[in-house]
Amino acid sequence: MDANSAVPNAMEPIPFRIETIKQELPDCFTLTLISPSESIETIDAINNNNNNNNNDTGAANFAPGQFNMLYVFGHGEVPISMSGDPVHSQKLVHTIRNVGSVTAALQKLKLGDTVGVRGPFGSTWPMKALKDQDVLLIAGGLGLAPLRPVLYRLLSNPDQCRSLSLLYGTRTPETILFAEELTQWAKKIDVRLTVDAAGPGWLGHVGVVTDLLQGRDILPASTTALVCGPEIMMRFCAQALINQGLSPSQIYLAMERNMQCAIGLCGRCQYGPYFLCKDGPVFSFNQLEHLLKVREV
Amino acid sequence: MVNIKDIKMLLKETAFFNALPEHYLELLCGCGQLVHVKAGDFMLREGEEANSLYLIRKGEVGIESRIPGGMLTVAKVSNNGVVGYSWLFPPYKNTFDARALTDIAAIQFDGRCLRAKAESDHELGYLLMKRFAEILLKTMQSTRRQILDIYGS
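Protein chains in written order, with our numbering: chain W, 100 to 396; chain R, 1267 to 1419.
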């Protein structure tokens, strides 16, 4: 995202209509948003803001890893990652957890209601760098949502990488996101699930997500890992991957902070020398390693 | 009929034992036997005397505890994993259930036998303890991460 080129329209929310609402978990839901005019013009306006060239998404209006600012009128605005397939350029798909006043207001919206959209913003997962790589996607909790566009693209274009594996951890079997899709993905790629605790019916692993790395035949020279989840989980995963022989530049993380302008002007999401909204949310671990060691006050 | 040579050969294939000197492997084989456990059967029961260490060759074991309304699985152990540490220290009582989730092939060691050999040869005891300490460290780190509730942060 080039902040300067985005300035003319970047602060103005474009109204979108809620086309579908899917309750994923009790506190987590997916909205599909569509232009109320059902014309291409609104999407084109969005596309004009997307100057990111680190993607390979064809006719897509965003690249995997990017986010939109969703505005609930009268309540406020929140940054939410894209969780849909980039090639479905007429629809914006966002998976949201109800964790605050704005996301609570989003959860109360009904079909046909209007949401303001600004975006897409931010850096992207390194799709081109995945060519000929063994791609390891590691997700924790809601962190699977920002990685789902990567899965869609790589599953549609198997030649885009050498192999694809998904390691996914959640608290319990009941908090697994996209459970139906995971079953389908597991027919095509290596999918490993783990939970912190489970009842007797659970057939997957029990333990933290880093356990799933143990005993894997990882070829460090040809592996790229994309990690998304709470910061503490990503920190542990990055360390486990380095212990397996990966270099920090082969590991990518998606960071999260409170964002406001989304174009690197307000400074709200500053993290060391970076603005997460503009320079991130996706970073390689070698960009962040020293910052993640800093103890925040 | 399985003999000590078979067990020794299997031990050499495991990360846990393969670096032990030959003569110690032979010594430890005297404490071990090959066992098969049917899916659903308990290998360890909470509160019972702890005399067994299982080195899992094939299959998956659930480490479980009773909670109101049922059982909770807190860890799973599979190929090349180790089940059963409570025989190491007094009071030698199992603190969790271990249940075979699939048919299991394992080497079962008699904890009293291992303790006796470690006591009589402290070098062997040290080598064994180093291996157990490494596993216990990894288990403790994983458990602490679980406690941190890393997916909910």
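It is worth saying that the hints were derived from the structure and are not from the lab. Ideal placement from N, C-alpha and C gives every residue a C-beta, glycine not left out. Take these hints with a grain of salt, some might be off.
[Claimed, not checked] Restraint-style ranges between C-beta atoms, simulated for each label pair:
1) R/ALA1382 to W/SER321: 47 to 53 Å
2) W/GLU280 to R/PRO1287: 49 to 55 Å
3) R/ARG1332 to W/GLN359: 46 to 52 Å
[Claimed, not checked] Straight-line C-alpha distance at most 30 Å; calculated DSSO-like pairs for lysine-lysine:
4) W/LYS392 to W/LYS121
5) R/LYS1404 to R/LYS1359
6) R/LYS1274 to W/LYS286
7) R/LYS1304 to R/LYS1404
8) R/LYS1324 to W/LYS287
9) R/LYS1274 to R/LYS1383
10) R/LYS1304 to R/LYS1274
11) W/LYS392 to R/LYS1404
12) R/LYS1359 to R/LYS1304
13) W/LYS286 to R/LYS1359
14) W/LYS121 to W/LYS286
[What the hints assert, rightly or not] Derived coverage of chain W by chain R (criterion: at least 3 residues anywhere in the stretch with Cβ under 8 Å from a Cβ of chain R; other residues may be distant):
15) 118-128
16) 294-300
17) 315-325
- Message: Next pair to validate is W/LYS286 with R/LYS1359; report whether the Cα-Cα distance is within 30 Å.
- Response: 43 Å, violated
- Quick one, are R/LYS1304 and R/LYS1404 close enough, alpha carbons at most 30 Å? This hinted pair holds, its Cα atoms lying about 28 Å apart.
- Message: Can you confirm whether the C-alpha distance between R/LYS1274 and R/LYS1383 stays at or below 30 Å?
- Response: Judged against 30 Å, a Cα distance of about 16 Å means the pair holds.
- Query: Can the restraint linking W/LYS121 and W/LYS286 be considered satisfied, given a maximum Cα separation of 30 Å?
  - Reply: Roughly 23 Å between the alpha carbons, so the hint for W/LYS121 and W/LYS286 holds.
- Item | Holds or violated: R/LYS1324 to W/LYS287, with C-alpha atoms at most 30 Å apart | Holds, at roughly 25 Å.
- Would you check the hint for W/LYS392 and R/LYS1404, treating anything up to 30 Å between C-alpha atoms as holding? 22 Å, holds
- 30 Å limit on alpha-carbon distance, applied to hinted pair R/LYS1404 and R/LYS1359: Within the cut-off at roughly 22 Å; holds.
- Query: According to a criterion of three or more residues whose C-beta lies within less than 8 Å of a C-beta of chain R, is the stretch 294-300 of chain W covered?
  - Reply: holds (count 5)
- Would the pair R/LYS1274 and W/LYS286 pass a check requiring their Cα atoms to be no farther apart than 30 Å? Since the Cα atoms of R/LYS1274 and W/LYS286 sit roughly 39 Å apart, the hinted pair is violated (cutoff 30 Å).
- Message: Tell me whether the statement that chain R covers the stretch 118-128 of chain W is true, taking a Cβ distance below 8 Å and needing three residues at minimum.
- Response: The restraint on the stretch 118-128 of chain W is violated, since only 0 of its residues have a Cβ under 8 Å from chain R and three are required.
- Query: For the stretch 315-325 of chain W, does the count of residues with a C-beta closer than 8 Å to a C-beta of chain R reach 3?
  - Reply: This one is violated; 0 residues, fewer than the three required, reach chain R with a Cβ under 8 Å.
- Query: Going straight from one Cα to the other, do W/LYS392 and W/LYS121 come out at no more than 30 Å?
  - Reply: 38 Å, violated
Against the hints set out earlier in the document, violations occur for numbers 4, 6, 13, 15 and 17.
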